[in-house]
Each structure stands twice: as C-alpha cells, then as structure tokens.
Amino acid sequence: MSGAQAYAAALVDDPVNREKDDFYPTHPGATEALLSVEQFDAFVWEPACGEGDMSRVLEAHDYSVLSEDLIDRGYGNTGHDFLLAQNLKAKSVVTNPPFKLALEFCEHAISLGAHKTAMFLRLAFLEGIKRKTFFEKHPPARVWVMSRRVPMQRGRLSQKGDGHGVMAFAWFVWERGFTGAPTVGFLDWKDHAPPTKETEQRREAEVVV
0 MSGAQAYAAA LVDDPVNREK DDFYPTHPGA TEALLSVEQF DAFVWEPACG EGDMSRVLEA
60 HDYSVLSEDL IDRGYGNTGH DFLLAQNLKA KSVVTNPPFK LALEFCEHAI SLGAHKTAMF
120 LRLAFLEGIK RKTFFEKHPP ARVWVMSRRV PMQRGRLSQK GDGHGVMAFA WFVWERGFTG
180 APTVGFLDWK DHAPPTKETE QRREAEVVV
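Taking numbering that gives the first Met the number 0, the leading residue of the sequence shown gets 0, the next gets one more, and so forth.
Hints in this document: simulated from the structure, not taken from any laboratory.
There's no promise every hint is true.
[Said to hold, decoys possible] Pairs of lysine-lysine, PhoX-like flavour, derived with a Cα cap of 25 Å:
(1) Lys99 - Lys136
(2) Lys99 - Lys131
(3) Lys88 - Lys99
(4) Lys136 - Lys88
(5) Lys189 - Lys131
(6) Lys129 - Lys99
Model the full assembly from the supplied sequences, consistent with the hints where possible.
Given below as structure tokens:
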C-alpha cells in the first residue's frame, strides 16, 4: 500500500479492521512533547492506560499516576469504566481516549471538575456539529498540534522510531475556569522521542566513521 493509499484508508471508518476496543497505544515521544510545554498536579489520573505507555512517561517525570482502564492489558487497575466514575480521583486527567468515545471522555473529565485535562486526539476532533457546541461551552485553553505525524499502530505500540503515522494528532488541553479563544501551538514528537536501538546504532556508526 502506498503512502497516499494508507492515508486515504486511515480517513475511512473500517469496522472490520478497526481494533475492537480502539486501542492505539501512544508513542512516548508524543507524551514527552506534551510535558515539554505543560505541567500538571503531582498526582495524575490516566483513565485509559492500556499497556502503560503514557503512564510510564509521566512517572519518569516524577508524577504519581493513577493508571486505570476498563480492559485488562496487564497494566494498572483494570475493570474501571472512566465514563461511569462519579468522583474526581485526581485534579489532572491525561489520556489518549478510545477514538469512538473521545467526546464522551472530554465531557466527563470536565463534568467531574478536573482542574486540568489533556487529551491526545485526532486533529479532526476540531470538526463536527456536536463538537462545535461542546467547544463553545468548553473551549480548550491550548491545542498543541503534532507537526510530524505520530506513529500509531492498531493494538500495539509502534516500533517506527524514525517513521511517521498517517493521521494528524494534537494535544487538547482544558483548564477549569478558562474562557476565551484557545492558543494553538506546534510540537514535534521526534524532538522528544527516546532513542530506539536503531537510532542508537546509527549514531554509533556515525561516530566510528
């Protein structure tokens, strides 16, 4: 499949090949990029932790993280449906929600009273009549567009250390009490991505030469 074909396929809803629970792990470079421009309360709630890829990055930056998920993927506290939570478990909520429940996750985090919410979402989340109404009521403080498309793979963490994805993503950040127009900024995940074995080997080869 060519790059253009892969891009076109990513834009079409494909229920047959789509990951059953919308599990698309977050490349650590994307979380590192967020933490280069945003700070959170010391205790963070990650309610869709998957295999812990985002939680581990947060913990490496000295955040205490409550990692939960509805599905058991061998990490965190499982069997917890974020959309059924009735109490705020931490002042900051940081997550990559299931694509099909993205709006519901944003609405619920805000309704619970989160002081700060950061959601890793498709850039196309900006579109839509329902979301227009939501944004008018709850404008994000900042939208951090990922200038280089983040490697994202269905059901597993992408191993494309130097590659790129086919979908445009951004970090949407809400702050309780914020009003006005959001600020738009730009981040490159690759500037913050931890080195892979391949990049380390290439750097070592370059030093030898």
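The hints, checked one at a time:
1. Lys99 - Lys136: Holds, at about 21 Å.
2. Lys99 - Lys131: 17 Å, holds
3. Lys88 - Lys99: Status holds; Cα separation ~23 Å.
4. Lys136 - Lys88: Holds: Lys136 and Lys88 sit about 23 Å apart, inside 25 Å.
5. Lys189 - Lys131: 31 Å, violated
6. Lys129 - Lys99: The given pair, whose Cα atoms are some 14 Å apart, holds under the 25 Å limit.
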